[in-house]
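Each chain, written out:
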Amino acid sequence: MSTLTMEKKTHFAEPIKNMSDSKKKPSIAKISTNNVNVFYGDNKVIKDVSIEIQEKSVTAFIGPSGCGKSTFLRLFNRMNDYIETFRKEGDICIDGKDIYGKKVMVEELRKMVGMVFQKPNPFPKSIYENVAFGLRIQGIKKRAVLDEAVEHSLRQAALWEEVKDQLNKSALALSGGQQQRVCIARALAVGPSVLLMDEPASALDPIATSKVEELIHQLKEKYTIVIVTHNMQQAGRVSDKTAFFYLGNLVEFDKTKKIFTNPKQELTERYITGRFG
Amino acid sequence: MTNLDRELKQLKEDIIGMMHLVQSQLKKANKAFTKQSVSMAKEIHSVENRVNATELSISKNCENLIALYNPVAGDLRLVLAALKIVIYLERIGDHADKIARYVRKEKISSEIDAKLLEAISFDAIFDTALEMVNDAIDGFINENTEVARLVFVKDEIVNKFYKKAVIALAGKKTDHSEDAINILYLFSIVNKLERVGDLAKNIAEETIFYVEAKILKHANLKKK
Chain W
1 MSTLTMEKKT HFAEPIKNMS DSKKKPSIAK ISTNNVNVFY GDNKVIKDVS
51 IEIQEKSVTA FIGPSGCGKS TFLRLFNRMN DYIETFRKEG DICIDGKDIY
101 GKKVMVEELR KMVGMVFQKP NPFPKSIYEN VAFGLRIQGI KKRAVLDEAV
151 EHSLRQAALW EEVKDQLNKS ALALSGGQQQ RVCIARALAV GPSVLLMDEP
201 ASALDPIATS KVEELIHQLK EKYTIVIVTH NMQQAGRVSD KTAFFYLGNL
251 VEFDKTKKIF TNPKQELTER YITGRFG
Chain P
1 MTNLDRELKQ LKEDIIGMMH LVQSQLKKAN KAFTKQSVSM AKEIHSVENR
51 VNATELSISK NCENLIALYN PVAGDLRLVL AALKIVIYLE RIGDHADKIA
101 RYVRKEKISS EIDAKLLEAI SFDAIFDTAL EMVNDAIDGF INENTEVARL
151 VFVKDEIVNK FYKKAVIALA GKKTDHSEDA INILYLFSIV NKLERVGDLA
201 KNIAEETIFY VEAKILKHAN LKKK
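Chains as they are written, first to last, in this note's numbering: chain W, 1 to 277; chain P, 1 to 224.
Rather than coming from a laboratory, the hints here were simulated on the basis of the structure.
Please note that the accuracy of each hint is not assured.
[Stated by the list, open to error] With a cut-off of at most 30 Å between alpha-carbon atoms, the simulated BS3-like pairs for lysine-lysine come out as follows: (1) P:K31 to W:K258; (2) P:K9 to W:K264; (3) P:K60 to W:K257; (4) W:K255 to P:K31; (5) W:K257 to P:K12.
[To be verified] If you want a taste of the chain P side facing chain W, the calculated C-beta under 7 Å gives, among others: (6) T2; (7) N70; (8) V72; (9) A73; (10) D123; (11) A213.
[Said to hold, decoys possible] Just a sample of chain P residues kept apart from chain W, beta carbon distances all over 12 Å, derived: (12) N3; (13) L4; (14) K27; (15) R77; (16) K105; (17) E146; (18) N191; (19) H218.
Please read these numbers as outputs of a predicted model, since none were measured by experiment.
Where a beta carbon is used, it is the ideal one built from N, C-alpha and C, also for glycine.
Make the full structure from the sequences, and use the hints.
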C-alpha cells in the first residue's frame with residue numbers, strides 16, 4: 001500500500017500551511033511554486049522553479065522533450081509521488097496551501113486538481129459510468145445526483161448533445177476526440193478547480209483538436225487550466241500565459257502574446273522559431 | 001538551415017531587390033528631370049510595371065509564409081514588416097514615375113527659371129529625399145536601426161525645405177500662363193518628394209519594428 005493512502009484522511013480544504021503565514025510574500029495566485037527542485041534519484045530534473053499561476057486562466061508549458069514540463073505539471077496533483085526515486089524541494093501551493101504538507105490527503109487533492117492525459121483513456125465502461133466513476137468512488141449512489149452530475153459534466157465538456165441518447169454506449173466506441181471529451185467530463189464531474197492537461201490534443205485530428213481548444217477556452221471561465229503542449233500554435237491559441245522550460249529550468253514565463261511576438265530570452269525565441277539545437 | 005530559414009532569406013533578398021529597383025527609379029527620375037531626358041523618363045515608366053509586379057509577388061510570398069510556416073517572434077515581425085515595406089516601396093516607385101511623367105509628357109522644366117529652382121532648394125530636397133531612401137534601405141539590409149533612425153532626422157530637414165518651397169512658389173508672380181503651369185508642376189514634384197521622405201520614414205519604422213520589436217508609428221519623434 002502506498003504511503004499516501006496510509007495518511008490520515010484530512011480534507012484538502014482545511015488550512016495546512018499557509019504561505020501568507022510564513023515570511024514569504026503573500027500570493028493571490030491559484031497555484032504558486034517557490035524554488036522548486038525535483039530529483040529522480042541523483043538526477044535533478046526541475047531546477048529552482050518559482051512560478052505563479054493565476055486563477056481562471058490558461059497557462060501553457062512548452063519546451064523540448066525532456067525539459068521537465070510534464071514533470072512540473074504532475075507536481076500539481078502529486079502524480080510524481082508514484083515514482084520511487086522522486087524527491088522534491090521547495091513549496092508548491094494551491095490556494096495558498098502547501099499541497100505536499102503532511103496532512104494532505106492526496107485523493108482529496110486530486111478531486112480539486114483534475115487531469116487529462118495525452119491519449120484518451122476512458123474506462124471500458126459506458127459513457128455514463130465513465131463520467132460518474134469519480135462520484136461513485138466518493139460514495140455517491142443517488143441516481144438523481146449522478147444523473148445531474150453526468151449531464152452537467154458532459155455539457156461542460158461540450159459533449160452532451162452528441163451523446164445524450166447513447167449514454168449506455170461504451171465510451172470506447174466513441175471517436176478519439178469524443179473519448180478525450182469524456183475524459184474531460186470525467187475529470188470535471190468531481191468538481192475540481194484546477195485542470196491539468198498533458199498534451200490533450202496531440203492524438204486528435206484537427207477537428208477534434210479544435211473542439212478541445214474551444215472547450216479549454218470555455219472552461220477557463222470556471223477553472224484554472226495548465227496545459228503541456230508541443231504544439232506552438234496551440235499554446236498561442238489557447239493560453240493566456242506561457243512558460244518555456246529548458247533542461248529543467250524555467251527560462252521565461254510571460255503573457256503568451258509577448259512570448260510569441262517578442263520574447264525576452266534569446267533561447268525562447270530560438271525554440272519557438274524552430275531554431276533549436 | 002530550415003525551410004523557414006530559406007523562405008525568410010529569399011523574402012529578404014526579394015525585398016532588397018525591390019529596394020534597389022525603386023532606389024534606381026528615383027535616381028533616374030532625378031537625372032531625367034535635371035537633364036530633361038525624355039528617354040530616361042520613358043525607361044522609368046517601362047520599369048514601373050516591374051515594381052508593381054514585384055510588390056504583388058512579395059505580398060503573395062508573405063501570405064504563403066504565414067499560411068504554411070506560422071512564423072512567430074522575429075520571423076513574424078519580418079513578414080509583417082515586409083508586407084508594409086513593399087507597399088511603401090511601390091508608392092515611392094509611383095512617385096518616381098510621376099515625376100518622370102512631367103519630363104516625358106509635360107516638358108516641364110525647359111522653361112523653368114534656374115533661379116526659381118534654387119529658391120525652392122529643389123536639388124537639396126531631391127538629394128535629401130534620396131538620402132532618406134538610401135538610409136532606409138541600408139538600415140533594413142544591415143538590420144541597423146541607428147542608420148534607420150537617421151531617416152527621422154532627415155525627414156525634418158525635408159519638411160523644412162518643403163515648407164520653404166511652398167512659400168516661394170506661392171509668392172511667385174507671373175503674367176504668363178505657361179510659367180504658372182510650370183509653378184504648379186514644380187509644386188506637385190516638391191510635394192511628391194516630401195511624400196517620398198515620409199515613405200522612407202515609414203520603411204525605417206518597419207525596420208525598427210522588425211529588429212527591435214518597437215512600434216514607432218504615431219510616436220513622438222523625440223521618443224523614436
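Structure-based check of each hint:
At most 30 Å may separate the alpha-carbon atoms for a hinted pair to count; K31 (chain P) and K258 (chain W) exceed this at roughly 47 Å. Taking the CA atoms of K9 (chain P) and K264 (chain W), the gap is about 23 Å. The hint holds against a cut of 30 Å. Our distance criterion of 30 Å between C-alpha atoms is met by K60 (chain P) and K257 (chain W), whose separation comes to about 25 Å. Distance restraint check for K255 (chain W) and K31 (chain P): the Cα-Cα separation of roughly 52 Å exceeds the 30 Å cut-off, and the hinted pair is therefore not satisfied.
Restraint check for K257 (chain W) and K12 (chain P): the C-alpha separation of about 25 Å stays at or below 30 Å, so the hint holds. The beta carbon of T2 (chain P) is positioned within 7 Å of a beta carbon in chain W (closest approach about 6 Å), and the interface hint is therefore held. Interface restraint check for N70 (chain P): the shortest CB-CB distance to chain W comes to about 5 Å, inside 7 Å, so the restraint holds. Interface restraint check for V72 (chain P): the shortest CB-CB distance to chain W comes to about 5 Å, inside 7 Å, so the restraint holds.
The closest approach between the C-beta of A73 (chain P) and any C-beta of chain W is roughly 5 Å, which is under the 7 Å cut-off, so the hint is satisfied. Interface restraint check for D123 (chain P): the shortest CB-CB distance to chain W comes to about 42 Å, outside 7 Å, so the restraint is violated. For A213 (chain P), the suggested interface contact is upheld, since its CB lies about 4 Å from the closest CB of chain W, less than 7 Å. A beta-carbon of chain W comes within 12 Å of the beta-carbon of N3 (chain P); the shortest separation is about 9 Å.
With a least beta-carbon separation of about 6 Å from chain W, L4 (chain P) fails to lie farther than 12 Å from that chain, contradicting its non-interface assignment. At the 12 Å boundary, the C-beta of K27 (chain P) stays outside the reach of chain W, the nearest C-beta of that chain being 36 Å off. Not every Cβ of chain W is farther than 12 Å from the Cβ of R77 (chain P); the closest lies at roughly 7 Å, contradicting the non-interface assignment. Chain W leaves K105 (chain P) outside its interface by the beta-carbon criterion, the shortest separation being 47 Å against a cut-off of 12 Å.
For E146 (chain P), the condition that its CB be more than 12 Å from all CB atoms of chain W holds, with the nearest at approximately 20 Å. Every CB of chain W is more than 12 Å from the CB of N191 (chain P) (nearest about 37 Å), matching its label as outside the interface. At roughly 19 Å, the least C-beta separation between H218 (chain P) and chain W is larger than 12 Å, which holds for a residue marked as non-interface.
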